[in-house]
Structures are given as structure tokens and as C-alpha cells.
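Asker: Please model the complete structure; the sequences and the hints are all you need to start from.
Chains A and B are the protein sequences, given in the same order. Residues in the first sequence are numbered from 1 upward in steps of one, following UniProt numbering. Residues in the second sequence are numbered from 1 upward in steps of one, following UniProt numbering.
A couple of the hints might just be wrong.
Claimed, not checked - Restricting the straight-line Cα-Cα distance to at most 16 Å, the calculated cross-link-like pairs of lysine to aspartate or glutamate (EDC-like) are:
1) B/K199 <-> A/D233
2) A/K7 <-> A/E65
3) A/K223 <-> A/E65
4) A/K24 <-> A/E41
5) A/K195 <-> A/D245
6) A/K24 <-> A/D48
7) A/K244 <-> A/E197
8) A/K11 <-> A/D48
9) B/K33 <-> A/E117
10) B/K33 <-> A/D205
11) A/K120 <-> A/D91
12) A/K78 <-> A/E9
13) B/K13 <-> A/D111
14) A/K120 <-> A/E197
15) B/K13 <-> A/E41
For the record, the hints were derived by calculation from the structure and aren't laboratory data.
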Amino acid sequence: MAQSTIKVEIKRQPTPDAPSVTEKFEIPYRPGMNITSLLGEIALNPVDVSGRATTPVTYDSNCLEEICGSCAMLINGKARMACSALVDKLDQPITLAPLSKFPVVRDLAVDRSVLFENLKKVKAWVPIDGSYDLGAGPRQAPQIQEQRYPLSNCISCTICMEVCPQFNDVTNFVGAATIAQAKLFNMDPSGSVLKEERLRALAGDGGIQECGFAQNCVQACPKQLPLTEAISDMGRDVFIQQVKDLFAR
Amino acid sequence: MATAVPPAPPAAKPLRGVQPLRAGQGNSFLWHKLHSLSGIVPIGAFLVEHIISNFETLNGPLAYAQQVKFLNSLPLVRVLEWAFIFIPLAFHALYGLFIAFRGRVSVNVYPWASNWMYVSQRITGVIAFLYIVQHVWRQRFSGISLPENPGAAFHKVQVELSNPWMLAIYVIAMIATTWHFAYGIWLFAAKWGITPGEKARKKFGYVCTAFGLALCLMGLASIYAVVWKYPNAPENVMPAQPAGIDLPAPSVPPPNSTNPDQPGEVR
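Answerer: Next up, the structure:
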């Protein structure tokens, strides 16, 4: 099918508080484009479909190969990575919008700091900083490595949070990514020293109990993390920790 | 020499939109877990008991009356009723409504099966709530009191179901309630970490489906028995009995009995 142009409709807003407007573009067709290259094409010649000059579209992107997690947006209404969304496989006109559950910075760029804050709340790290060499860490059995590796693939794109019906400003649910990272670091032989603190953090308001098991997170995750399995496992561990704290603290 | 006041550290700008986890704060974990657990025991256990008891309607008005009489002769039955049925049920229902209206349904954008099940659990919960309010009011707290007159149970339900609208409500509510319970068991196992693995959840899904279907069919069978199998049941199939005393069932069919197969021996 000889297609001459690509039709795109982009929801834009110049500032965090400005009302959003939809701008329409028509880009000369090239085979094999993805959404980030499409946005680059618009930036080369930011003129909308009526010939009116406009500004280049603001969006986050970095690696262009689905590994940095920055270019998540709503493409034809669904949250996905712009770099791995191929234009040839999308219905036209292609609609682009910023993720709906995060404050817009400008156009398609949103502020996803809540994920960083949540990762800090569950101490999603291995505490090995010190003033002297701590030596080699404990050995990690291959069976543990195999369970941890898929969880380490998280790219912090926040798509699991965007698609979650429970992630909203009423529940302030922590979201699947943070729970999965808490499991990743709880399973680390060195990171497990903070296990109890992570489990207690996840029992706070907005914690793991807000999960409604709609399982959208695991469906939408671009890196196929076993998110529901992580939530289930952590649900058990958090509960057991609460019971232990009730009787033993 | 005046000492320079060190500049205050820049206050962290409050985030807009969804707020971060309140690590370790609040009691919502406890309430959510109580809500989840109360759906299995005691409420789910009571639902199973209720449907099994109702299944006695297939053996006729007298058998049903004896089942009602038996349940009401349990020691401390009024305490059991409030502690294990009414109070947990009210908590589960009200906290469930609170949970249900905090979600943001997204099946229009993400029409996945599990996402639909998420919505179905909320819809069936609301249906069950509305139904149970009227059911408890009309069958337990108004009209002839069944704890004192167990023999009137069959007739009371039969009169209720003689209204075709009420019959439709009972059928819909039976499906919704057993659906809510069956998926609730599945959710319980998933969220409490009993079935973390994908395969385990899938297999347990079949178990819950079979269990829910069996409960639903038993419930619908008892509706069938009340409406069609034993029409025109007598108003009271048992003689007046003092509360808490289990008199033997009558050995002759009560007047107007339509079920001569069942003279009423003690089973």
C-alpha cells in the first residue's frame, strides 16, 4: 500500500497549568518509523497540517531502544514506549498524549518523580556504602540470580502505574514497579539486611494492600517483569512481617 | 563578628498528582486485610452454609423447616448471628464500597480479561450489597419471625418469589453473589501470596470457577424448588414450638400439605 503521509494528532500544553490543545500534523511517509523518529521529524519542520508554524513537541526520550524507560506516553490511547511503537503497525491518525496519571511538564513530557520517591521509601538499594573496603559480598546462588534477573529489567517507565486502576490520587497506591524492586532487593544477599524495613514501608497507607489485582501492570509492562508474582510474594511477606511485629516487637 | 546564618536547605517541593507511599504510616493495611479475610471467613463460610441449607428446599417445606429449626437451636444463636454474620457482613460491605469507588475503571482502554474481572468484582459486590440489604430486612427483620416460626420459612420465601420481579432479583443476586465469592477466593489466594506463580493462579482459577458454579447451581436449584417444585406450600408446616426446644416433627402431613410423599418423620 503506497501511503504518502502519516497523520498524527498530538495533545499539547505549553506549561504545567495551561489548558491542553490538540495539534494535527501530516508527515511525509517513510517506512520503518517509530514514534520517537516521528516526533523528531516534526521537530525538523514544526508546521501543523494547516501550514501554521508551531513549536517542536516536547517529550522525554534517550536510548531509543526500550532500555532507558523515558519515552512512555499514550499512543492511540494506550500507554507504551514511543521508541518501540512502530508507525507501520499503528492505526492512523496516530494520537499521542502525555501519560494521564502524572503531572504534565510540557506537551508529552510528564513528571514521574513519584516513582523515585517511592523507590526511596522502600529503600530500593543495597547498602554497601562505607568509609572502608567491605570486601567481597556474599555469594548469590544461581537460582536466586534467575529469580532476580527478570525483576532487575525494570526501566522505571511507569507504564505499570499508568495502566493500574488503583494508581490514582485517591488511593495514592505505590504501584507495581516499586513493589517489584522491593522484592528484587529483598532477595539480594546483601540487600536483604533492609528487608524488614522495606516490608514495613509497604504496609503503609498507599502500600501493597491497595492492589486490586486487575493485572494490567503485567499485561502492559514493556519488559515483561513478573509483576503480579512479585506483588503476590511481597503481599505474603508484608503480612507475615506485620504479624511478627504485632507479636514480637 | 556576626555569624552568617546558613541558608536553609531548599524545602522539597511537594509533588503534584499521585502522592508517594506513606511508608509504615496509617492503618489501611489492617483494614484491607480484615476486609479480605472477612470475605472468606466468616462471610464466605456463611454463604456456603446458607446455600447448603437452602438446598434442603429440594426435599420439601418440612425438610426446610427442620433445617431452619436446627440452625435456630444452635447455642448462643443470636450472638453467633451478630458476631459472625451481621457485623462482619456490614463491615465487608461498607469497606468494600469504600474500596470500589476509589478505583479508576479502565476497561474501555485496556479491555483485558483480568481488568474486566477487577470491574466485575466491584459490580457484583454492589449488586450483592443492595440485594442483601433488602433480603435481610424483608426475610429476617420484617414479616413473620422465622426463628420463632421455622415452619413458616418455606411459605415466606415462596410468597416473596411469587413476584416475578423479585424472582428475577433473586436469580441475578444468586449469580452475582456466588461470582463475587468465587473470584474473591481466587483474589484472596493471589493477594495473600498463596498462589504467586502464574500457573498456580491459573489452576486455582479453575478450582474457584468450579466451586462458584456449583454453589450458584445449588442456589438456583433451591429457587426452582421453592417456586416450581412445591407450589402452594402451607403457611406453617410445623406446630408452634417454644424457642430453643426441638420438638419432633409431626408424623402426619400437616393440613393443606401438597407433599404427601413426605409425611414428616424425623430425618
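Asker: All hints are to be evaluated individually against the structure, with a verdict given for each.
Answerer: Hints versus structure:
1. B/K199 <-> A/D233: holds, 14 Å
2. A/K7 <-> A/E65: violated, 23 Å
3. A/K223 <-> A/E65: At roughly 12 Å apart (the allowed maximum being 16 Å), A/E65 and A/K223 satisfy the hint.
4. A/K24 <-> A/E41: Given pair A/K24, A/E41 holds - Cα atoms ~14 Å apart, limit 16 Å.
5. A/K195 <-> A/D245: holds, 13 Å
6. A/K24 <-> A/D48: holds, 6 Å
7. A/K244 <-> A/E197: Holds. A/K244 to A/E197 sits at ~13 Å (cutoff 16 Å).
8. A/K11 <-> A/D48: holds, 13 Å
9. B/K33 <-> A/E117: This hinted pair is violated, its Cα atoms lying about 25 Å apart.
10. B/K33 <-> A/D205: holds, 13 Å
11. A/K120 <-> A/D91: violated, 39 Å
12. A/K78 <-> A/E9: holds, 14 Å
13. B/K13 <-> A/D111: holds, 12 Å
14. A/K120 <-> A/E197: holds, 12 Å
15. B/K13 <-> A/E41: Violated: B/K13 and A/E41 sit about 35 Å apart, past 16 Å.
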